[in-house]
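Chains as they are written, first to last, in the numbering used here: chain A, 102 to 267; chain B, 8 to 283.
To be clear, the hints were calculated from the coordinates, so they are not data collected in a lab.
Source: prediction; values computed, not measured.
The hints are all genuine.
Computed footprint of chain B on chain A, listed as stretches where at least three residues anywhere in the stretch have a Cβ under 8 Å from a Cβ of chain B:
| no. | segment |
| --- | --- |
| 1 | 123-136 |
| 2 | 165-177 |
| 3 | 231-244 |
Backbone N, C-alpha and C fix where the C-beta goes; we use that ideal spot for every residue, glycine too.
Listed below are the residues making up each chain.
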Amino acid sequence: MLELPEGKRHLVTFTLDGEEVRGFAEPRMLLSDFLRQQLGRSEVHVACEHGICGACTILLDGEPARSCLLFALQASGQRVETVRSLVSADGKLNDLQVSFRRHHALQCGYCTPGILMSSEAFLRANAKPSEREVREMLSGHICRCTGYAGMVDAILETAQTRAEQP
Amino acid sequence: MKPRSFTYVRPDDIGEAVQALERWRDDARILAGGQSLVPMMNFRLIDVKALIDISGLAPLAYIRERNGEIEIGASTTQAQLMGWAQLANRAPLLSAAMPHVGHYQTRSRGTVCGSIAHSDPSSELPLCLATLGGSVVLQSRSGTRVLAARDFQTGMLSTARRPEEVVVCARFPARAAATGYAFAEMTQRQGDFAICAVAAMVSANSIRLGVGGVADRPTVRDWPALADGELDDALNDFAWDLGGTDDAHATAAYRRELVRRLGRRVIGEAGNARTA
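Just chain B, same shape as in the assembly (with noise of 0.2 Å):
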């Protein structure tokens, strides 16, 4: 339960920590708050030689909104976003997940950022980044590229983040106008990974949800306004495109059980606060 031995790099700015990171390329580990990485070392998931720390690069802890967009930079905390005295305001899905994500006490070290890149299907965060159709902004030496969420995150634990390329921050649209917004998880505790997760967009004419915790990545879907029955519907067959599998924590079936009801429930009052 040790981590094997690595070289520890702690850059100055962001320009010293892509440089590391093209020096070491796929040998290396951006740690930022640590909370699911260094649990992987210890279990010796994963191998690192480098493990370059950005957590302590106060240039990228920030949370700012421009361009209908909150950006987040990608040393800022859980707990910093959960601060954030615009966050129910500005950003209701996200402050209606916050609770959900980790612990109090893993919430003052876990990134925002860090969560998105470590891409764990169950994961809130990228839920929410999915759902709201945010982007993630990559810089290596050769510049700066933007990837829409979805084009980001490519299965469990895995994303198109090149070997050389440091995540500087996510951005999430801001609230829209006339727009209600609902999350829920199912958990064996609060703050454990999630059985089931739903993330929920409703306007006058159009429905989304977003799936966390049964595909291999959070999953997005949109319909027009729905009758109830249609919704039901629509809930099941979506329930059953995800293709969730059994185990320890969860049947399949009991899996497509909670994307039907925690998906009507999150619909519901994504639609209850759109007209509150």
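Okay, chain A solo, but in the shape it has when bound (with noise of 0.2 Å):
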């Protein structure tokens, strides 16, 4: 049984975006808080920090988490992605970053790479969404920008484009 007592910081090694990182937290620390401070991604973006809005949602393992709702510690040994993982080596945006920019599917950009990263999850699991799963995806998060439309055009075309592809 592994015990890590309060007030003290634990080693936490895990693979971000393809890398093996590492870094000291304590129990109490969240993981979006982990991410921007001790490895200095602040495109996770931090907002409710209880779970409602949807904008430091990363993937775990592959599945689409509130960073917020999970501490450093649970991510050890586990892979973690962030919006990063979706740029190329050579700094170019995915598809469905060109389609977000393409339909005018962020404005302020505060929720985005959230919003992008359960997008890409569900994409994976899902590869001809109707408008309405998207919607409900969508559901998750918040955006006081857009109203959303730009963003169901942007993924619904995504699909499109990927199931499309040989």
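Got two chains here, separate frames each, mind docking them using the hints?
Now the structure itself:
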């Protein structure tokens, strides 16, 4: 049985966007804060800190998760993906990101990293989603700029483009 | 919006989880999906000195059918239940309710048993468990005991679980012969807390309706087969007996109207599903 006492910092290692990372965290440290403060990954956006808004959504072992509802220690030995994983090594946006830009699926962009990660996981699992399914998936995020219409179009278009690829 | 300090405990099996719980008792909380618990910790609504993380206990992540019941282990996520190939066939009520449980992004972590143990009065899973007449299995060092859903949930966010007990699984009765099931709820946004949620189970000579989001716990009522006019009266009586209150989301009168209307709708749908 592993027991990590309060008030002490413990070693945490996991795979972040394909690279091994390490740092130290007290049990109470949220994964969102660990990513931002210990690892400098400010693309993980934090807003509500109680799991409602979805801005901090990352993928944990390929599944979408609120990083504000996970403790850093829980990521030990796991695979974490942030929005940075969508960008290619030479800095090119992926097809979903390009589609978001084309459809004006973001305005201030604060909610966008989380929505991109949810959408990416969703599209991996649902190759041909209906508009209703896309809207249900997006109900787990709050965007106060766009009204979501551009996101729905961008996600459906990406699904279609990917389905047409050989 | 950060939790206060706590000791993180990760047991290697259920025996160790029970052992840790025995030691920390009321100062400990079991962490499964954390989708309700961690927000409460972030808000400092609850005080946790030790968090016992069972989310990684693979032997507790299972769905199996035994003796006419679908047994779901304590670390089984809501997404795993939704993805269970037999869900629509063996548990039509759960199949109808699951899309309303949280969001796509929370079901990947949130667990079935965690939702039941948390016992929010507006949660869908405790409502389904109560309507189906299911049970909860609790384990402590002195052994296991099985509590019927109506004995387990005692009020808002409160259960008959003793401090040294861990919920190890929940048992949902599987689809009964010649019975139809239906589920509906009213929310402000898909996946939000239900202002009123209803679950119906209808056979040739019986009607059962469970209601969540109105009283302090899911409440179930049984009737024999009723004529149309009798059903309206029965639903009206039930709506008043639930004793809903006004809050920021809805008035008590609006909730009563939802019980009458959604109740009628799901009883009709369940009746149709039976004959189909």
